[in-house]
Structures are given as structure tokens and as C-alpha cells.
Amino acid sequence: MDLTFIDRISIKGDSFFHRVSPLAKIINTLGLIIIVVICNQPSRLAVLLSVVTLLLLLSRFPPNKLLHFFAYPVVFSLIFAVSSSSASAGYGIAIVLKAVVAAGSVLFLVATTPYTEIFSWMSLLLPAVVIDSMFLTYRSFFILVTKAANLFTAIKLRAGYNPLRILYNLKNTAKMVGMTLLHSIDMSERMYNIFLLRGYDGSILYSRPKLSLKKQDGVLLLILAMLFWMVIGW
Amino acid sequence: MSHLHIPDGIIPIVWAAVGYLATVLILVLCTYMLKRRQIRRTPLIGIFAAVMLLTMGVFPYHLNLAVLSGIVLGPWMGLIAVFIVNLLLSLMGHGGITVVGLNTLILGSEVVLGYILFKLLKGYIKPMPAAGVTAIVSLTVSLFFMFSVVGLVNLDPVTVLNHGHGIEFHQEAHHIIENDDSHNYSKHIHKNDVGRHGHIMQQTFAEYDNSNGDAKFSLHRFTRIFLPVAMPGIIIEAVATILIIGFIMKIRPNILC
Chain A
1 MDLTFIDRIS
11 IKGDSFFHRV
21 SPLAKIINTL
31 GLIIIVVICN
41 QPSRLAVLLS
51 VVTLLLLLSR
61 FPPNKLLHFF
71 AYPVVFSLIF
81 AVSSSSASAG
91 YGIAIVLKAV
101 VAAGSVLFLV
111 ATTPYTEIFS
121 WMSLLLPAVV
131 IDSMFLTYRS
141 FFILVTKAAN
151 LFTAIKLRAG
161 YNPLRILYNL
171 KNTAKMVGMT
181 LLHSIDMSER
191 MYNIFLLRGY
201 DGSILYSRPK
211 LSLKKQDGVL
221 LLILAMLFWM
231 VIGW
Chain B
1 MSHLHIPDGI
11 IPIVWAAVGY
21 LATVLILVLC
31 TYMLKRRQIR
41 RTPLIGIFAA
51 VMLLTMGVFP
61 YHLNLAVLSG
71 IVLGPWMGLI
81 AVFIVNLLLS
91 LMGHGGITVV
101 GLNTLILGSE
111 VVLGYILFKL
121 LKGYIKPMPA
131 AGVTAIVSLT
141 VSLFFMFSVV
151 GLVNLDPVTV
161 LNHGHGIEFH
171 QEAHHIIEND
181 DSHNYSKHIH
191 KNDVGRHGHI
201 MQQTFAEYDN
211 SNGDAKFSLH
221 RFTRIFLPVA
231 MPGIIIEAVA
241 TILIIGFIMK
251 IRPNILC
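If you read the protein sequences in the order shown, they are chains A and B. Following this note's numbering, the numbering of the first sequence begins with 1 at its first residue and continues without gaps. Following this note's numbering, the numbering of the second sequence begins with 1 at its first residue and continues without gaps.
Bear in mind the hints are in silico, worked out from the structure with no lab data behind them. Source: prediction; values computed, not measured. Keep in mind that a hint or two might mislead.
Said to hold, decoys possible - Taking lysine-lysine and the PhoX-like style, the derived pairs with C-alpha atoms no more than 25 Å apart in a straight line are:
hint, chain 1, residue 1, chain 2, residue 2
1, B, Lys-122, A, Lys-171
2, A, Lys-171, B, Lys-126
3, A, Lys-210, A, Lys-12
In isolation and in its complexed conformation, chain A is listed as follows:
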């Protein structure tokens, strides 16, 4: 899972779509998901996939990474697609395309919008404890990734990992997870004490999401309107 990559591209990316307001991108993503729900025809879903892929490429998402990200929904939806009792290939293709288009539209949002903006919008819907925890998950993930990677390298250097010895690997992996877990619990204790020192009273304050739209948002909303017309009016 390339959370690190998504974080980097969303913050440091400098495409046209990075400058579009988060509100327009959220409307676009929700709209695309509604279209995916409504649309069942593989041909139209293929057009949708082309548009979403184009949006991602225009936001400078590397094509090889895109294939990697699309692999998840393809594999998962394929299991469901082959479980169809029908011999129709169209049904299977539609299932896979629906999963990929929905994943692509969400990916477009997270790859072009900094996580703080997304979380501030989510804070309008979710309880404070959930949003705070999510924020801390995001922050601590990167710290833990580094720690775990170092630990994994150390285990490999000491011959603690051999691709052919599953039980041996599992034993060492479990210890590695256990150590990471204990380390993370210590980290959470420290973090909680620091929060208390800074006056934490059960919720972290976020900046309120901006409700205004900019001129360049029109492009994205126009694309969405055209897609809606394609699905409903075609």
C-alpha cells in the first residue's frame, strides 16, 4: 500500500487539478460514484474509466503506479465477477469496471488533495474521536513504516527471513509485529501526555473547510456534468 506515495503526490503535486478547490473535487468524486452506481453497461463504464484515467494522468500520476493501484480493485472484483452464475462476459466486465472506476475516482481525490483538507471535510460528518484517531493514524503510519522497515532489514540481515521457510518467517514476523505494537503503545502514551500538556480536551481543532468554488473548478464540474449526461441521456 503506497500511502507514502499518495501523501507525497497530494502535497507536492503541482498540476491543474491540484489547484482546483477540494469542494469541487469532492463533488466530482461523489458524482462519479453515483454514476458508477447507476451505470451497468460495460461500454459506458469503459468511457468513464478512460475519463478517470485521463484525469489521473493529467494530475501527473505516474502510469506504472496507476496500474499498481488499479490492480487491487481488479483482483478483488474479479473474484466476485467469476462468481456470477451467468455465462455473460458483459456482467463480469461491468463488475470489474465499476470497482476500478470507483477506486480511480477516489484515488483522483486523494492524489490531488492534501489529507488535512480531506479530513477537515470529514470532520463535518464524523465524531471528533474518529477524526482525531484518523489524523493520528495517518501521522503515525509514516513513523511506524520507517521503524518496521528498519526492523525488517535487521531481521533479514540476521537471516531471520527465508522465503522458503513459512513457519520460521511467521514466527519472526509475529515478533516483529509484537515489537512494533509495543513500540506504538509507548508512542501513543507519549503522544497522549503531550496532547494533555497542550490542553487537549477530547478533540483536535481543524480549520473549517472552505465552501467557495474557484473559476478553474468549472472544468472539473463540466466534465462531471458531461458524464452524467452520457449515462442518463445517452
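Starting from the known structure of chain A, fit chain B onto it as the hints suggest.
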């Protein structure tokens, strides 16, 4: 892989909405319970969710640690952690954004069962075997819960009732398809309607119709495909849970519920 995140487009949107509604109610209950019990250790939820994300994506074997989070965090914090994990995963295309609610209910069942069973069993047996039994039971129940969710929202009641006749029914269906050039299935239905396999033939008719458009999901086929993948995953996850609990017991046993 002991679990499967349901992608978008599989579950009818009404059921996805029901899943979200149930999850929202659970989150409200969790928040209320945390406040009532004055558990204000938000960082622990966040950091545990980060560890779960790490074991799903960075460590080998794609462990989900939902059972372990039930054992360590308890049900209220564990359910919030599972929701966060599912939401963040869906943003990466790992499981659908429309089905975060249902995926949370499925993984959440592992958290709740993990907590209850471990608490119950550790009074009778040692923590490591208790963790093993807890993990296997919780993961198996969660797997069948997922099968039920996916199956029940997609299947016709007729298909469910004919579930046991799957092989027989498929053989007859193929026989008819091979021998009928005109594909006029309604004739076959009437001919065989009064026969021993009348109900099976009716199902054949339904499947043929579905192949032309509105196809049906087969829980029987789905189970046959996914079960052989999931069962080794469950064993690996259970062994990992036993070993992690063993490691924690040696170093810091007081953190377990």
C-alpha cells in the same frame, strides 16, 4: 489472506446505505461508551489503526489484526480502529468507498468476537491457546458473515433454496444449452416442469435469462472460489495472533484485556 474487502459495484446501493447507517450507529455507541467510561486515549486508537494498516500493506502475509485489536483495545476502541482502517484503505482502492460500512461490520465482528471469546477463554485455558481458538473462531465467523452479506443481498431466494443442488443443476443446464440450437428455453421449462427436477429447470431458465442481461451472483461458486484462499489465510492469521500474544505475554502481559 483471511478476509476480503468488498469492492464497489458488487453490493446494491440500498444495502451499502444500510451498512453505513449501522456503522454510524455503532460509531455513535462507541463514542458514547468511551465517554461514559472516561476512556480518552484517542492516540491509542489511531496508532493501533496505523499498525493494522502496516500489517496489511507492509509486512508479509497480509495480516489484518482485527482479532488482536479486540483483545488489546476492547470492542469500543477496536471498532473505531477498524472503521478508520477500512476508510483509509478504501481511499487507496483497497475495498470500496460505498461499502466501508459493510466492510466495517464484517471486520468489526472479528473485533467484538475477539474481545468476548478471549475474555471468556482466558479464565479456563492459557492465553496463547485462548488466543488461537479466539482467532480461528472469530475469523471463520467473520468469513461466513461476509459470505452471508454478499450472498443475501445478491441472491434470489430460489437460488438459495436450490443451493444444495448446484452441481446437478449446472450439469442439466449445460446439457440443455448444448442440445438446443434455437435456445428456446421456455419449451424445456414446460416439458420438465412436472419432472423430478422441475425446480432445477426453473432455475436454469432464470440463469439463462440472466446471461442475457441481469446476471445473478452465485454464492455457491463464490464460496468455492474464495474458501480455499481464505482458510490458509485464517490459519496463518491465527498462528500469527498466537505468536504475537505469546510475545506480549513475555514482555508486557498487563496490556491484554
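Please name the hints from earlier in the document that this structure breaks, with their numbers sorted from lowest to highest. Nothing - there is no hint that the structure violates, so all of them hold.
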